[in-house]
Amino acid sequence: MQKQAIFRSKLLPYALVAPQLAIVLIFFYWPALQAVIQSFLLQDAFGLSTSFVWFDNYVELLRDRAYFEAIVRTFFFSFAIAVSSLSFALLLAVMADKPLRGSTLYRTLLIWPYAVAPPVVGVLWIFMLHPSLGVLSRYLRGLGIDWNPLLDGNQAAALIILAAAWKQISYNFLFFLAGLQSIPKSVIEAAAIDGARPMRRFWTVIFPLLSPTIFFLLVVNIVYAFFDTFGIIDTMTRGGPGTSTVTLVYKVYSDGLLGGNLGSSAAQSVILMIMVIVLTGIQFRFVERKVTY
Amino acid sequence: MVEEEGIRRYIAHAILWIGIAIVAFPVYIAIVASTQDNALIANGQMSLLPGGHFFEVYYQTIFVGTSGSTREPVGNMMLNSLVMALAIAIGKIAISIISAYAIVYFRFPFRMPIFWIIFITLMLPVEVRIYPTYKIVADLHMLDSYAGLSLPLIASATATLLFRQFFMTVPDELLEASRIDGAGPLRFFWDTLLPLSRTNMAALFVILFILGWNQYLWPLLITTRDDMQTIQVGIRKMITTTDALTEWPIVMATAVLAMLPPVFVVVAMQKLFVRGLVETEK
Chain A
20 MQKQAIFRSK
30 LLPYALVAPQ
40 LAIVLIFFYW
50 PALQAVIQSF
60 LLQDAFGLST
70 SFVWFDNYVE
80 LLRDRAYFEA
90 IVRTFFFSFA
100 IAVSSLSFAL
110 LLAVMADKPL
120 RGSTLYRTLL
130 IWPYAVAPPV
140 VGVLWIFMLH
150 PSLGVLSRYL
160 RGLGIDWNPL
170 LDGNQAAALI
180 ILAAAWKQIS
190 YNFLFFLAGL
200 QSIPKSVIEA
210 AAIDGARPMR
220 RFWTVIFPLL
230 SPTIFFLLVV
240 NIVYAFFDTF
250 GIIDTMTRGG
260 PGTSTVTLVY
270 KVYSDGLLGG
280 NLGSSAAQSV
290 ILMIMVIVLT
300 GIQFRFVERK
310 VTY
Chain B
2 MVEEEGIRRY
12 IAHAILWIGI
22 AIVAFPVYIA
32 IVASTQDNAL
42 IANGQMSLLP
52 GGHFFEVYYQ
62 TIFVGTSGST
72 REPVGNMMLN
82 SLVMALAIAI
92 GKIAISIISA
102 YAIVYFRFPF
112 RMPIFWIIFI
122 TLMLPVEVRI
132 YPTYKIVADL
142 HMLDSYAGLS
152 LPLIASATAT
162 LLFRQFFMTV
172 PDELLEASRI
182 DGAGPLRFFW
192 DTLLPLSRTN
202 MAALFVILFI
212 LGWNQYLWPL
222 LITTRDDMQT
232 IQVGIRKMIT
242 TTDALTEWPI
252 VMATAVLAML
262 PPVFVVVAMQ
272 KLFVRGLVET
282 EK
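Here the protein sequences come in this chain order: A and B. With the first letter of the first sequence counted as 1, position 182 gets the number 201 in this note's numbering; the numbers rise by one all the way through. With the first letter of the second sequence counted as 1, position 47 gets the number 48 in this note's numbering; the numbers rise by one all the way through.
For reference, chain A alone in the conformation it holds in the complex (with noise of 0.2 Å):
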C-alpha cells in the first residue's frame, strides 16, 4: 500500500530518518556486529592477544554441561510462568467479562501489576517469602514445610516462576478480556439454545475461537520470561543457590561480568538473538495476521 498524495523533496526525507537511523546504526548494529565478531575471537586471559578460532566457542558452549542447563531451565521456567499466569488470568477474564455489578472497578484493580517493575517484584515477594522474616513463611513453616529459598534451588525456582507469574497475570488478563469481548455474543447464544451448559460452552465455543490470542500471549509470555525475569532474579536469588535460577540472560551477564570470558559471552548472545528472531518472527506473523498496516 502507497500513499498516491506524497511530497516531492531530495534531502528533507533523509533529516528526518536521521535520527532514528543513527541511534539504531550506533547503538543496535554495531554492538550486535562486535557481539557477533566476538564470538569468533578467542583472548588470552590477559586480554593481550586475541586470535581467531572459529565455531570453537560454539562447541565449547555446546559441550558446556552449565550451558546445556541453563537452555533447558529457562524453557523450564518460560512454559511454567506461562502456563500458570495465563490460565489463572483467563479465569479471571472470563469473570469479569460477566455482566457483572462493578465490572470498570474489578477492571482497575486487576490491571496496575503491569507497570510494576521486576526488581520491585522481586523485592516484593522474597520479603513475603523470606525464610526468616516472610510473612507467609510463618505459615509454610506451620504447615509443615522446611521452606528456605535461599538453601534449596527447587523452591528458590518455584518463587522466581511464582512472582514471575503474578507479574504477567494483568497483561495477560487484559489481552483475554479483550479477545472475549470480540467473540459474537449470538455464537453464545446459539450454543445456549443448542442446550449447552456453561462449562460445555466455554470449551466448545469460546475456547477455541480464543486460540489465536492464547498463542499470542504464549509467545509473549515466553519472550517475557526469557528477559524481564532479569529483574527479578537478580534482586531474588542471583541466580543461587548454586546455579539454580541461571536463565541464558542471567548468564550473559554473569559470566560477562566476572570478565572470565568475553568469547562465550558474546557467543551467548549470538545464540540468544537467534531465539529472538525466531520468537519475534512467529509473533509478528500474528500481528500481520490481526492488523492490517
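Think of the hints as simulated: they come from the structure by calculation, not from any bench. A virtual CB, placed ideally from N, CA and C, is assigned to each residue, including glycine. Some clues are possibly wrong.
Partner residues are not named here, just some residues of chain B that face chain A (Cβ under 7 Å, in silico) [stated by the list, open to error]:
#, residue
1, Gly45
2, Ile99
3, Arg108
4, Ile119
5, Met124
6, Arg130
7, Val264
Quick list of in silico lysine to aspartate or glutamate cross-link-like pairs, DMTMM-like style, CA-CA up to 20 Å [claimed, not checked]:
#, chain 1, residue 1, chain 2, residue 2
8, A, Lys22, B, Asp227
9, A, Lys22, B, Glu57
10, B, Lys136, A, Asp274
11, B, Lys238, B, Asp227
12, A, Lys22, B, Glu177
13, B, Lys238, B, Asp145
14, B, Lys272, A, Asp116
15, A, Lys117, A, Glu208
16, A, Lys204, A, Asp116
17, B, Lys238, B, Asp228
Which residues of chain A face chain B? A few of them, derived with a C-beta cut under 8 Å, are [said to hold, decoys possible]:
#, residue
18, Ile25
19, Phe26
20, Leu31
21, Pro32
22, Gln39
23, Ile45
24, Ser106
25, Leu110
26, Tyr133
27, Val139
28, Phe221
29, Val224
30, Val268
31, Ile296
We have chain A already, so just place chain B on it with the hints.
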C-alpha cells in the same frame, strides 16, 4: 446475553475478589512493612496491620537514605528515573514520528531498506547486545550520564510501525488541501499531522514511560556513581547489604515509591493505555 443464574454471579464476584486479593497482597504487605519498626520485622514478628512509623520511615527514605548500603536518598533516585523515563518516552516518540513521516510521505532512494533497518531492531533487545553496547557507551564517555542511560534505548521499531500505520489511514485530501493553502512538508507535518496524532502519541507515551521507568539491566551496568543511580537499581543495592542489617521498612517504602509513578500513569490513563496496548500488541 445468556442469562446468569444468581449463584453463578456470586461465584464470579468471589473469584474476582480472590484474584484482586492475590494481586494486591504483596503490595499491602509492603505498605504495612514500610510503617513498622525494623527490629520487629527482623525478628520475624511483623504484624499484618500498619505500624506507627509512617512519617519517619518515608522522611528518611526520600530525603536521607539508608544508613548502610547506598546512602543515596530515594528522592534523588526517583529524579534520575524520571529524567530517564521521560527522555526515553519523548525521545522514542519524537524520532519515530519523523521517520514514519519520511517513510510514508516521501519517495526517496533506500526508503524501504531504511524501513527494514529500523524494523529489524525489534529483534535486538538490549539484553543480547549488552557488553558491546556498554563498550560503545564507555568509548563515547557517556557512562554515568543521562544520555548514556537513555540514548541506547531510544530507537523504537514498534513506535515507527504504529505511526506509519496511522499515517496510512490519514486521507490524501488533507495533504492536497494544505498544499493548496501553500503549506510545505514541514508545515503540513506540524499543523495537520501532529494534532491528528495526539491520541496515538498519548497512548504510546503511557506505555513508553512505564518501559523507561522500569529499566533495570541497562542502568545497573552503566551507572557506577551513587548519585546517578535509578530507583530500580538502588532498591537492589539496599537488599544486598553484607555489612549491615537490611533496613526493611526503608526497602519497602522504596518499593512503594518505585511503584507509584507507573501505577498512577496506568490507572489514570487506563483507556488510552489499554487501547495503546492492544494496538501495538506490546
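Interface restraint verdict for B:Gly45 against chain A (beta-carbon cut-off 7 Å): Where the cut-off is 7 Å and the nearest Cβ of chain A is about 5 Å from B:Gly45, the hint holds.
Hinted contact A:Phe221 with chain B - closest CB pair below 8 Å: Since chain B brings no Cβ nearer than about 11 Å to A:Phe221, farther than 8 Å, the hint is violated.
Pair hint outcome, A:Lys22 versus B:Glu57 [Cα-Cα no greater than 20 Å]: The hint is violated at about 61 Å.
Hint validity - A:Ile296 Cβ closer than 8 Å to any chain B Cβ: Holds, about 5 Å.
Cut-off 8 Å, beta-carbon criterion: hint that A:Val224 touches chain B: 11 Å, violated
Hinted contact B:Ile99 with chain A - closest CB pair below 7 Å: 4 Å, holds
Interface hint compliance - B:Arg108 to chain A, C-beta minimum distance less than 7 Å: Holds. Min distance 6 Å.
Status of the hint placing B:Met124 at chain A (closest C-beta pair under 7 Å): 5 Å, holds
Pair hint A:Lys22 and B:Asp227, alpha-carbon separation not exceeding 20 Å: Not satisfied, since the Cα-Cα distance of roughly 51 Å exceeds 20 Å.
Per-residue hint verdict: A:Ser106, partner chain B, C-beta under 8 Å: 12 Å, violated
Interface hint status, A:Leu31 versus chain B (Cβ within 8 Å): For A:Leu31, the interface hint holds, since the closest Cβ of chain B sits about 6 Å away, which is under 8 Å.
Straight-line alpha-carbon gap B:Lys238 to B:Asp228, limit 20 Å: 13 Å, holds
In terms of the numbered hints stated before, the structure departs from hints 8, 9, 24, 28 and 29, listed from lowest to highest.
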